[in-house]
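Trainee: Numbering (the numbering used here), first residue to last: 63 to 480.
Hint data in this document are derived by calculation from the structure and do not stem from the laboratory. Every residue, glycine too, gets a C-beta built ideally from N, C-alpha and C. One or more of the hints may lead you astray.
Claimed, not checked - The calculated label-pair distances, taken between Cβ atoms and stated as ranges, are:
#, residue 1, residue 2, range
1, S233, L448, 54 to 64 angstroms
2, D281, P349, 51 to 61 angstroms
3, N463, I341, 18 to 28 angstroms
Said to hold, decoys possible - Taking lysine to aspartate or glutamate and the DMTMM-like style, the derived pairs with C-alpha atoms no more than 20 angstroms apart in a straight line are:
#, residue 1, residue 2
4, K243, D303
5, K329, E290
6, K125, D171
7, K75, E119
8, K75, E93
9, K374, D431
10, K275, D209
11, K275, D332
12, K181, E193
13, K354, D336
14, K248, E139
15, K103, D74
16, K115, E139
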Amino acid sequence: MHFYQVGGAVRDKILNRPNQDKDYVVLGGTEAEMQALGFKKVGKSFPVFLHPKTGEEYALARKEIKTGTKHQDFKFEFTPDITLEEDSLRRDFTCNALYFDEEKDEIIDFHNGIEDIGKRILRHISEHFSEDPLRVLRMCRLAAQLDFSVAPETMELCRRMVQNGELQHLSNQRIWREIEKALQSKSFSRFIVTARECGALQAIFPEIDKLWKVPERLDYHPEGNSGEHTLLSLQAAQSDDAFVNFGTLMHDVGKGETNPQKWPSHKGHDTLGDKVITIIARRMHLPTTYVKFARFCALNHMVSHKPLAKVKKQLIEIAIGLHNFPQKIYLDRFIGVMSADIHGRSYEISPEDEDNFIAIVDELRNLYDKVSSLHLQTIEEFREILSRLKNKEISREEFQNQKTNLILREIKKYNSKK
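Throw the hints in and build the complete structure from the sequences for me.
Mentor: Below, the structure written as structure tokens:
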């Protein structure tokens, strides 16, 4: 029985990237032998074990045989005579099929993975790749995380998988898991580019893919269409905050629903975006926190495009709205989305527009702090309004209006005293 480190940790060692997750493959072992050594079995379909001290995962070398369309539909062979090369054939990309022998301090490479890492290329190992459609999205995610391009033959294979409807067999949970990992990358725009090239973007986010067919006013957006603006905004964000990237991705999604006869004007795309995000969320069962923030960004991001003097009241409402989120970090996240939007175009904005944006940000931060400083009298009045809502004496819309008016009044008092 012999242990080999495998997968992303070996790849990242070559790339000098941090990686805390170490996985191991066990060659020549059995379940009984692993358990005799104190390993705890956690795998159901095939034997995966946790190390008794480190908690790291150890899996018996195995072969996989596809038996159906669902991701669980595999037959596994994990006898002690399975070779390391046979185990490597079930893996997705050459860069992830590297084995590190810690005792000999050497890397075993059956598929030229080290060479592909040097070229920064994602290349599939065999036709077994197509047996798991999630690998299409994993390709898009790794392209973003590693800043890798995709080998032409791998892109063509993924394109065929999408055209054959393979992504329809994936659960929303598995799809979102890959998207959320990609959202935490500063190169998330590469996920979108790669997904669009293979057709996966149209399959998972048709509302976003549609934006490349929506024209923009060239004096505002010389890049020409809403899709390119969204892509440039993601590149301008340069953020590894998943909420900033998701809010940026969705901020202009409403432009695809504006009246085509009035294009390139997109009046009302903010409220339309709110509705589209709600539809996407229901279809994909997205987490509530992401949806709430993305809707807030869609409804309010346009404030950064107007002179400060004309948006002071709107900024107060935005400051109030941001207090409906659990932490102050959402203020910074919203500012991040606004910044991505205003800088996400194919020319540099003017110094005047930059100064106006900075002034808007400063004012929003000040107002946020003022809303945070409201004290007892306001709280008691708020409790009374809340009680009326609970007793169904007023509607939720009336509750929101009264709460807003209450805080506006207190801010006015605060400013007059100052």
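Trainee: Does K374 pair with D431 here, judged by a C-alpha cut-off of 20 angstroms?
Mentor: holds (15 angstroms)
Trainee: For a C-alpha distance cap of 20 angstroms, please report whether K275 and D209 respect it.
Mentor: Roughly 26 angstroms separates the two Cα atoms, so the pair is violated.
Trainee: Looking only at beta-carbon atoms, does the pair S233, L448 fall within the given range of 54 to 64 angstroms?
Mentor: violated (38 angstroms)
Trainee: Between K75 and E93, does the CA-CA distance stay at or below 20 angstroms?
Mentor: violated (29 angstroms)
Trainee: Is the hinted pair K75 and E119 satisfied, with a Cα-Cα distance of at most 20 angstroms?
Mentor: Holds: K75 and E119 sit about 18 angstroms apart, inside 20 angstroms.
Trainee: Would the pair K354 and D336 pass a check requiring their Cα atoms to be no farther apart than 20 angstroms?
Mentor: Since the Cα atoms of K354 and D336 sit roughly 9 angstroms apart, the hinted pair holds (cutoff 20 angstroms).
Trainee: Check the hint pairing K103 with D74 against an upper bound of 20 angstroms on the C-alpha distance.
Mentor: At roughly 27 angstroms apart (the allowed maximum being 20 angstroms), D74 and K103 break the hint.
Trainee: Taking the Cβ atom of D281 and the Cβ atom of P349, is their distance within the range 51 to 61 angstroms?
Mentor: This hint is violated: roughly 38 angstroms between Cβ atoms.
Trainee: Sort out whether E139 lies within 20 angstroms of K248, counting only the CA atoms.
Mentor: violated (39 angstroms)
Trainee: Does E139 lie within 20 angstroms of K115 when you go C-alpha to C-alpha?
Mentor: Roughly 27 angstroms separates the two Cα atoms, so the pair is violated.
Trainee: Holds or violated: K243 with D303, Cα cutoff 20 angstroms?
Mentor: holds (10 angstroms)
Trainee: Are K181 and E193 close enough, with their CA atoms no more than 20 angstroms apart?
Mentor: Judged against 20 angstroms, a Cα distance of about 26 angstroms means the pair is violated.
In summary, the numbered hints that this structure violates are 1, 2, 8, 10, 12, 14, 15 and 16.
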